[in-house]
Amino acid sequence: ETKLTIANWLPPSHPLVSEVIVPMAQKISEVTGGEVTTSMLPAPLGPPPAQFDLAANGVADITFGVQGYNAGRFKTTNLAELPFLGNSSEAISVAYWRTYEKMLFKAGEYDKVKVLAVFTHGPGEIFLKKGDVTSVDVLKGQKLRTGGGFVNQIVAQLGAVPVEGPSSKAYELLSQGVADGILFPFESVNSFKLIPELSAAITVPGGLYNTSFFIVMNKAKWRSLTPKQQAEIDSITGEALARMAGQMWDRADAKGLDAMKGKIKISAATDEQLTAWKKALQPAIDAQIEAVSKTGIDGKAAHDLFMSELAAASK
Amino acid sequence: MALLGGILLLVMMTMTIVDVIGRYAFNSPLRGAGELTELLLVSLIFMGLPAVTLENGHVTVDVLTEHLPKWSERWRMAAIGVINTVILTLIGWQIWLHASQIAAYGDVTTTLRLPIAPIGYFCALCTFASAAASFMASFLAPSHSSIKG
Amino acid sequence: MQHWPVGIAILLALLFTGVPIAFAMTAVGLVGVASIIGMTPALSLVATVFFDYGRDYSLSVLPLFLIMGYFVVQSGIAEELYNAAYAWLRHRRGGLATATVLACGAFSSVCGSSMATAATMARISLPSMRRFGYPDHLAMATIAAGGTLGILIPPSVILVFYGIMTQQDIGKLFLAGIIPGIVGVIGYIIAVRISLFFYKGTLPTEPKLPLMERVKALKGSAGAILLFAFVMGGIYLGIFTPTESAGMGAGGAFLLTILLGKFSIKGLFEVLYETMKTSAMMFFILFGALTFTNYVNMSGMTQDIQTFIGIFGESRISLILIILVIYLLLGCVLESLSMIMLTVPVFYPIAEAHGINLIWFGIFIVMVTEVSLITPPVGMNAFVLKAVVQDVSLRTIFKGLAPFVLMDILRIGLLILLPGMALLLT
Ligand code: NA
Ligand code: NA
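Chains as they are written, first to last, in this note's numbering: chain A, 122 to 436; chain B, 7 to 155; chain C, 654 to 1079.
Quick caveat, the hints were computed from the structure, so don't treat them as lab data. Keep in mind it's a predicted model, so treat the numbers as computed, not measured. Possibly wrong hints are sitting among the right ones.
[As the list claims (entries may be wrong)] Facing chain C, according to a computed beta carbon distance under 10 Å, are these residues of chain B, among others:
#: 1; residue: 14
#: 2; residue: 47
#: 3; residue: 49
#: 4; residue: 56
#: 5; residue: 89
#: 6; residue: 90
#: 7; residue: 100
#: 8; residue: 109
#: 9; residue: 111
#: 10; residue: 114
#: 11; residue: 117
#: 12; residue: 121
#: 13; residue: 130
#: 14; residue: 131
#: 15; residue: 133
[Said to hold, decoys possible] Using C-beta positions, here's what the derived DEER-type ranges look like:
#: 16; chain 1: C; residue 1: 1070; chain 2: A; residue 2: 232; range: 52 to 62 Å
#: 17; chain 1: C; residue 1: 956; chain 2: B; residue 2: 110; range: 52 to 62 Å
#: 18; chain 1: A; residue 1: 250; chain 2: C; residue 2: 847; range: 36 to 46 Å
#: 19; chain 1: A; residue 1: 150; chain 2: C; residue 2: 843; range: 57 to 67 Å
Quick reminder that beta carbons are idealized off the backbone N, C-alpha and C, glycines included.
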């Protein structure tokens, strides 16, 4: 019998833990007939950016996290974080996984681990405390909280002022008026209890940004499993796990949207706004795709593959 | 070293102030202030380490050791100095390896895209210096630190 | 049963033979983790803890609050606070002791460390109390106990650490500490009265100052009040975040030093050098504790203690009482910072699982830590006083602290009965 240790850095009630990691752990045990079991550690082993290395170095057997916390390390992630990607986390996540399996893995970014899943959350929308949501210039000069990285560029390109801070500080920044608004998926606005602090939302078809996640396993531990056990675990991870995670985010987004009803005025971006924003963001988008080529795989081809997988998964 | 550390601290303090004032007065917060603070913080911690170690300033529990016979004190201090040296060397070595790992995959800060590895090497060097300091301090007179939590 | 009791026994052995707390915890943590997952991964975890936690933005408040405290000491605000309190109380029996409690409370609102508060107030109020013939046990105990307010009344280093370990909003924790801090001041004034009741000797008083003179004396405390209002007001009104408040407070204290004419380049660099050293010292204790925590985390100790606490029933109140007893016992022998580092990771998941508000729990933890600072045999604030005045025995200081410990325990009882004491302002 093999026991896998899972490192967790989120509260146990977070849906990523309770609706993805915990069910995954149960399935591992079920599908291997109890030969491989898991245990989740009660407290974090390291800060969020350290999670990938914790699995790579064998401190824990399974870890999960956000690639963006290690800027510069993951470039293929760029493709999954682009604006106007898609409205369904499930479709994006499945397409992202298929693209990873067919092409992105060649970039070698995950060579030190066994990848159990890569996926994204739902579309990131715009939430504001005030402002004329129909104006093309609604974002001009607004201080928007972001987690840093590419979304900072997005915010700056649209004429807003990025205020950086970890997501756990979002409430602090908004409630105290340090930030005027935030780019977040519906789920996060709800779960970080930001609804009372915001008055208006602008939804952008496909989202204005996205965030990529990973679930990985220590490679030596993976190799210590029998081929049969490996096959059994493969059957419930990979695309299946990416789909489960995507569905979780979609459910959480629906719940978040529901909680906002009557409290936040939600309006879709106008055609004028979309034209202006797409034009403003295109150079940054192109640069992000181009940067993927630095890993040795063809960024343009990878992006095209991702888009066709996304079209297929969205049907 | 003391001077450089002092300047880094002043920079850290000033950066917060400029960031906050910039946010209100000019609607433009200081870009990357948070991540600069992070790099300054870790540098500062490790820069202070050799000084603390050399002065035997690490916090100890001295309820029992106060009552030990005088002759044993030198031996005890020497033994503790060796323990400290070993642990500091281990820490320095691991941070060095960690830094080279970070360098290998090119980890940078999120906004300003500053490389992180050089700071890691610097911290490792400070830890090695502290290991040497601890070895030396174990043969000097003990002193006690003053301010804690 | 797992091998963590052995780990703890070895840790205590190392601590009591005088191995620095930081390195003892690192060593036991490293070896303990290695015994579970092997040496190579255990070593890599050391780098993660020391380098990656060292880059944690929220921890930057620590050096900044330290600078703020040092600047405050340099600016002479502490003397002003004491003189103001004294002007109002000098005609009462024991007025100097009461003034000391008030000044400690006021100074705590600009200084985040209990030991720094005790050390500063010892330099300022002890000479006059001794000159007026106050008995040693009363004079020393008043300062040692008053100093503990440093970590309850915001800003507070302990609350920052607690907030980071439990992912709670540090701003809310700070606000939650205000009312309990004021209750603490009142409690200590009562403790002074109790001491005076049992002290049969005479204590000289001075003639009552005219009202105008007393009002005038308040002027000197304006600097401290302004600084406190600036920091807490800034957080409350949302002008800056609690994390930023440390930098703003340090800048404000720096400005005050200049305005009060106490600025010198030499003094500035002394402050910065001390801050750098103290930061290194405190962070290495933190890293050591985090390394040890990883061992605790992997060893199954949390589950074992949960099971143990379960013996005493499932109710919230029995859980809190058993945690209180454990803390009071641990607090006798452990240094405050290391106690927090060692125990919070064990208790907060248990508290959270029982639906206890973690902001309230943070204040509870700080209060029991305050007790630990003034109980024998390891009472850091008593040690500070002993270090300042060598010719008084620790026994005398601890004896004088008895009524203060009593008031502390009553205050904890009050916090348990009236959770609103902490949660009202949050
Ligand atoms: Na304080
Ligand atoms: Na004690």
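**Request:** Tell me, in ascending order, the numbers of any earlier hints that this structure violates.
**Result:** 8, 9, 10, 11, 12, 14, 17, 18
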